[in-house]
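Listed below, chain by chain, are the residues.
Protein chains: 2
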Amino acid sequence: MVPLTADDLEKLDQSDRLRSVRDQFELSPDVVYLDGNSLGPLPKATPARLEKAIRQEWGKDLINSWNKHNWVSLPLTIGAKLAKLVGAGPDEVACCDSVSVNLYKVLSAALELRPDRMTILTEESNFPTDTYIIQGLMRQLGNHHTLRFCDPTSLEHPGSSHQLDDSVAVVLLSHVNYVSGRLLDMAAVTSNAYRAGALTIWDTAHSAGALPVDLGASGADFAVGCGYKYLNGGPGAPGWVYVARQHQAGAQQPLSGWFGHAAPFDFERNFRPAEGIRNQLCGTPPILSMIALEVGVDLACQVPMKHVRDKSNALIRVFLQLTDERLASHGFSVASPRDPSICGSQVCLRHSNGYPIMQALVAHKVIGDFRSPDILRFGFCPLYTCFVDVWRAVEVLCDVMVNKEWDQPEFHKKKAVT
Amino acid sequence: MVPLTADDLEKLDQSDRLRSVRDQFELSPDVVYLDGNSLGPLPKATPARLEKAIRQEWGKDLINSWNKHNWVSLPLTIGAKLAKLVGAGPDEVACCDSVSVNLYKVLSAALELRPDRMTILTEESNFPTDTYIIQGLMRQLGNHHTLRFCDPTSLEHPGSSHQLDDSVAVVLLSHVNYVSGRLLDMAAVTSNAYRAGALTIWDTAHSAGALPVDLGASGADFAVGCGYKYLNGGPGAPGWVYVARQHQAGAQQPLSGWFGHAAPFDFERNFRPAEGIRNQLCGTPPILSMIALEVGVDLACQVPMKHVRDKSNALIRVFLQLTDERLASHGFSVASPRDPSICGSQVCLRHSNGYPIMQALVAHKVIGDFRSPDILRFGFCPLYTCFVDVWRAVEVLCDVMVNKEWDQPEFHKKKAVT
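Note that the protein sequences, when read in sequence, are chains A and B.
For the first sequence, position 195 (counting from the first letter as 1) is numbered 195 according to UniProt numbering, and the numbering increases by one without interruption.
For the second sequence, position 155 (counting from the first letter as 1) is numbered 155 according to UniProt numbering, and the numbering increases by one without interruption.
Just so you know, these hints were derived from the structure itself, not from any lab.
Misleading hints may appear alongside valid ones.
Copies of the same chain look alike in the list, so a pair counts if it works inside one copy or between any two.
Heads up, simulated DSS-like pairs for lysine-lysine below, C-alpha to C-alpha not over 27 Å straight-line [claimed, not checked]:
id, residue 1, residue 2
1, K365, K413
2, K415, K68
3, K68, K44
4, K306, K11
5, K415, K60
6, K44, K60
Sequences and hints are given; from them, build the entire structure.
Set out below in structure tokens:
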């Protein structure tokens, strides 16, 4: 293969049909931001929208904004927009709470739907909060359930997994693994779980907004997702929750706060769950954070997810080629799948000095992140990542290695948040 | 008693030591805002602070803000500030999630601490979400617990309540009732519950920020509170949760998300609760809403709660006198306590045409709210309510009655949010 040049990457940018989308983000041209899988950047439309929400809606219209600006419906109106991105019906998604809280809700509801099955099947390398939430609920329910870890890829092949026995109530998996980047075949796993009588809960935090997700066609029972990564909804943006239509009446989640009541403003004495997805709501939603999320969702909805995925694959292809050509000799190896059909929108490189190398990169404004013990993680978010960004990231990484820059003491210091 | 005049109220404003605090709020001079117990108004400092958070912290510093701007500690740093307002130690309060979610956490933890007691004692006229959360948890745990309603004032007198039998695990009460405005004697109830072996959970949504709350001196076990009412933290601002120091190690809440882990960024496989109040956290906090809350908390912290309470009592005293002098003849009666020592920072008037009367008032920019079936609710928030506001509210209310303005069809229309 002919080595890639900066010219090649500029040409790829010129023919990129998503090129103009980058202009919708506040991203300094001197930054290469490859950490949108941790915190998406600021859409240019967000400050003005929030300014209006703060000064006009809160400041001037005050309490009346719950009606006048329809704050009260935001969890469902944003949910209905987001539904299009993940193959759900507009009545199957609500935006609310955090990913963790939403996982807790649907896991509790799902276990109730399978009262005779006591196993929760998941993967050991889940984003930890997923496992923590399972453990917290199990403990609360008296530790009658069993948490079983498996290789989730074994669930992709019909009949090939002994894990899916008739004790399995719920299969809870990440659609894309947050470290390895491995993308699971959601339809295949869901269908195998279904045949085994188990329900599925999909954590799409590292897939929704970065690649096509089709919860409906996959037959997924429940899903949750994140607002602050690929949806660019702002730091700690509310998450979202999906409950397939057929489970909405039967699956009652335990956090039965007033926003999930059939008639919240009638102030009835007893809880009556709302019909439909609204029964996933609990308390009063954080409106400012919801409005920032809506801007991010609107932006993502402009672009066909297929185009996003195609560009993501292309960005990763050139990054992998450049890694092979220029980084392998510095001790980097590829830890994420090379096959684009099973890889999310990120690449992980392994290096024994990964932590200080990433700090040195960040000092040069090439921003990825580090995951213990030795993973440098790079997210390629096609809405704002250019092909020349990939070139620059590799150039800087080469410099950091050649000059041994990473070996400065400041880059070894541990930060609170990595 | 000599009837009050506009002059009298102007004089009260002139000698009001909190008078200048109103200048710190964006409140149009033509609005009389008596609904801060539902949504506090916008502090003037909030837009600039949020602009910085949005453009600089999120927009420019991106993911690094978790460290650089200490986003990661916001739940505890805001909690420590807020602790001063409610008589708690700086290590006993965390800001996070919603009131409803926080109630769920502490109720689940409290029930675990009293495994042999199966009764939850509360009041029927709680803000409904409190009862809904109890019901949701009871159902989830298999309906082994009993929900018992009582007159909470009966718990204020030692030995006078047969409600506090040895089946009572938890007493969950509102410090100030959201409709009646009745303020309970927290110390007395807590002490009586303690003697009966029960734990207390206080919902301070309608007291904290409006009057002195002393969780520590009262011996309260758990408490929750609201960010968007008297703390002026913005619509749907995160709530807060208090766990008395002695329960922090023993009481494990079930929503064990990664922010409550001992080492969240070590990405360990198994959940290990953080020591101290941080184990009340669950998912990633909504930073923009948190930052708005911090401005509100900072503002409230400037002013001694005793001054706030004194002014609140004075505002209510003149409103009650004017009600007697000018409104009683129009069919209004006082539904909140007349004794200031047992009344929160609100007054409720009862009128059979309460709903359209309140809509007519709002049309004249005198903003209170209505609670079914016949309560007009007026919050007197001493940080920004002037004595002349009280005069104007009564004037407008008189006009609305004299001219039968409330009987226009538009004022009878039901709104989604009341």
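Hint check:
{"no.": "1", "hint": "K365 - K413", "in the structure": "within (18 Å within a copy, 57 Å between copies)"}
{"no.": "2", "hint": "K415 - K68", "in the structure": "between (44 Å within a copy, 10 Å between copies)"}
{"no.": "3", "hint": "K68 - K44", "in the structure": "both (25 Å within a copy, 22 Å between copies)"}
{"no.": "4", "hint": "K306 - K11", "in the structure": "within (21 Å within a copy, 69 Å between copies)"}
{"no.": "5", "hint": "K415 - K60", "in the structure": "between (41 Å within a copy, 19 Å between copies)"}
{"no.": "6", "hint": "K44 - K60", "in the structure": "both (24 Å within a copy, 12 Å between copies)"}
Consistency with the previously given hints is maintained throughout, with no hint failing.
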